[in-house]
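> With the hints as extra help, turn the sequences into a complete structure.
Sequences listed follow chains A and B, in order.
Position 156, counted from 1, in the first sequence is what this note's numbering calls 156; the numbers after and before it change by one each time, with no gaps.
Position 41, counted from 1, in the second sequence is what this note's numbering calls 41; the numbers after and before it change by one each time, with no gaps.
Everything labelled a hint here was simulated from the structure, so no lab data went into it.
In this text, a Cβ means the ideal position worked out from N, Cα and C, and glycines have one as well.
Incorrect hints may have been included.
[As the list claims (entries may be wrong)] On the chain A side, residues computed to face chain B include the following (Cβ under 7 Å): (1) PHE181; (2) ASP185; (3) SER187.
[To be verified] DEER-style ranges, computed between Cβ atoms: (4) ILE491(A) <-> PRO40(B): 10 to 20 Å; (5) LEU7(B) <-> GLN431(A): 19 to 29 Å; (6) LEU130(A) <-> GLU3(B): 51 to 61 Å; (7) LEU20(A) <-> ALA27(B): 33 to 43 Å; (8) PHE21(A) <-> ASP29(B): 47 to 57 Å; (9) ARG54(B) <-> TRP271(A): 26 to 36 Å; (10) GLY21(B) <-> LYS314(A): 16 to 26 Å.
[Unchecked claim] Here's a subset of chain A near chain B, in silico, CB distances under 10 Å, partners left out: (11) LYS102; (12) PRO133; (13) GLU136; (14) PRO137; (15) ILE138; (16) LYS168; (17) MET170; (18) VAL172; (19) LEU174; (20) ASP265; (21) PHE446; (22) ARG448; (23) GLY463; (24) ALA466.
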Amino acid sequence: MHLDVAVSTLFGLLTTPRLLFLMIIAVPMGVFFGSTPGLGGKLGLVLLIPFVYNMDQLTGAVFLCAMHAVVHTGGSIPSILIGVPGDGPAAATALDGFAMTKKGEAGRALGASFGASSIGGLLGAMFLGLSLPILEPIILNFSPAEFFLLAILGITFIATLSGDAFIKGMIVGLFGLMCAFIGLDPSTGAPRFTFGQIWLWDGLSVIVAVLSMFAVPEMISLGVRGRAFDVSAETAARLEGATVPAETAVSPKVTYAQIFHGVRDVFQHKWLVFRCSLLVAAIGVIPGLGGDAAAWMAYGHTVQSSKHPERFGKGEVVGVIGAETGSCAKEAGSLLPTLFFGVPGSSGMAIMLGAFLMLGIQPGPTMLTEHIDIVWSLIWALVIANIICVIMLIAAGPWIGKLSSMKASFLIPYVLVFALLGCYLYGGNWQNLVLILGMGSLGYLFKRHDWPRAPFIIGVILGKIAEDSLQKAIGIFGAGFFLRPISLVLIAMIIASVAFYMWRQRRPNKASMPSHA
Amino acid sequence: MLEGRILVSGIMLVVFTLLVGLSFTYAPDARFLPLVIGIPGLLLSAIQFVSELRTKAPPTVTVE
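Structure, rendered in structure tokens:
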């Protein structure tokens, strides 16, 4: 159970002023990025990555994890106040949250959201911590052969991340994999796809890949739109007229009494919160099924288990509680495959995985043997960030309405400067600036024409892992490495993953699955 | 006028053609995985490009 490590890391986090200070800074940043439609938590992670690479592994990872942990809590604010979801999972919150605002219960909805998301985050982190002793013997039996197959499994999840745009997602994912081969070939030492440029011998930096595919396109898009809010047709259809134009949105009045009423509602539905947290944390472990699906599954479970399903969508506080619990509990679950298998549980975790690699944290079984302190620190960071977040948000509740009516487009020059600066600081190559502008333009074209971008990041990250593991596996076990028992199980999972996707696509009246990018 | 969606598909087709072509110039060990990944990518890009060419552009609405 590593109880001694669990206690000592908690003590270390709470008694190290620098770590505590960084978490206190990370939480409002996460809320800000999450609550500003058009920015989002992924962009927040992307922008902060270049600034943590001078930090030590523990500090950098804890800072990013604390920020990422509260992004979804922030995302619920515009969903509730103006009916514009900051991200996919927050759309489930908007269904009942904005209906409550229209009934004059914005404060109660916010209180329920803050309480449910914090408790969901706490329970999700506990799920991760308690599952470690069960997973440890399994993970430690994994060899390079299994890691190669896990990388392949991760690549098949590209299809899930691509939503309905399967071919586009696969093309982008395969392009990411090809970009992972840039640099010196590990077996022959020959340069590949370097076009005679020595600075490319080390390969394509994950930072450049992430910044060019997310930061630059988002900012170009914000500039072109000239406004922050971007409600997809699908979300608008789901909300069925619940959204209001940003120009006419008025910050609703929020009082402490309303907020505490909402928090009390969470405790009155404690078993629902408990069930949703465990359900979603377990779903979050499955790469590709996290994200939007987890929040909607929690919402679906809430409706199914209610005695009054007809009230949902019309301002039922339980709907907000279920959706918010789901959004936040899944983060801990999706951290598990990211840390121990190098397979990101969601598109946000794909960026987080890139950050871990950049900090020198190599995901895999060694996380359990050599870096268990980092694992527990990240679990506690999730817990502490959620506690700090709920305290801050409740305290700032009455003023929080103004956050979502803020014009995001004025941030464009600052974000672009930070992105370019961060890109240059990593490695000190001016050529990276040219690369980020070229790839950023391609990323904007992807965004504009509905090509998913998360598969690119997964491809860049998993391509290197797959190639290294394949060579080690062939070296250790020969060409028949895939006949090992665990390998056969993983091959069955790969086939099942592809078959599940094809079945879902062929189902009549299938619900449209949005792209996670 | 060239539509954006066709342009993106065309760019990906050109990129994969270039990368697969370059892969053939490397030593057998070095080109194995790039070809395993690049050839399916090239085929999918071609399918997507043809599919975009055959898809009619959505009608533009003029507000007077």
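> Lying within 51 to 61 Å: is that true of the beta-carbon distance LEU130(A) to GLU3(B)?
53 Å, holds
> Does ALA466(A) meet its interface restraint, that is, does its C-beta lie within less than 10 Å of any C-beta in chain B?
For ALA466(A), the interface hint holds, since the closest Cβ of chain B sits about 8 Å away, which is under 10 Å.
> Answer holds if the nearest beta-carbon of chain B is closer than 10 Å to that of GLY463(A); otherwise answer violated.
8 Å, holds
> Regarding the hint that PRO133(A) lies at the interface with chain B, is the smallest CB-CB distance below 10 Å?
37 Å, violated
> Double-check ASP265(A) for me: the hint is only fine if its C-beta lies closer than 10 Å to a C-beta in chain B.
45 Å, violated
> Next item in the hint list is GLU136(A). Is there a CB on chain B closer than 10 Å to its CB?
32 Å, violated
> At a threshold of 7 Å, is the proposed contact between ASP185(A) and chain B supported by beta-carbon distances?
OK, holds: ASP185(A) within 7 Å of chain B, min 4 Å.
> So the hint says 33 to 43 Å: do the beta-carbon atoms of LEU20(A) and ALA27(B) match that?
53 Å, violated
> Does the CB of VAL172(A) sit less than 10 Å away from some CB of chain B?
8 Å, holds
> So, ILE138(A) near chain B? Judge it on the closest CB pair being under 10 Å.
Since chain B brings no Cβ nearer than about 28 Å to ILE138(A), farther than 10 Å, the hint is violated.
> Evaluate the given range 47 to 57 Å for the C-beta pair formed by PHE21(A) and ASP29(B).
Holds: the Cβ-Cβ distance is about 50 Å, inside 47 to 57 Å.
> Min Cβ distance, SER187(A) to chain B: is it shorter than 7 Å?
The hint holds - SER187(A) has a Cβ within 7 Å of chain B, the shortest such distance being about 5 Å.
Hint compliance for this structure: hints 7, 9, 10, 11, 12, 13, 14, 15 and 20 are broken, all remaining hints hold.
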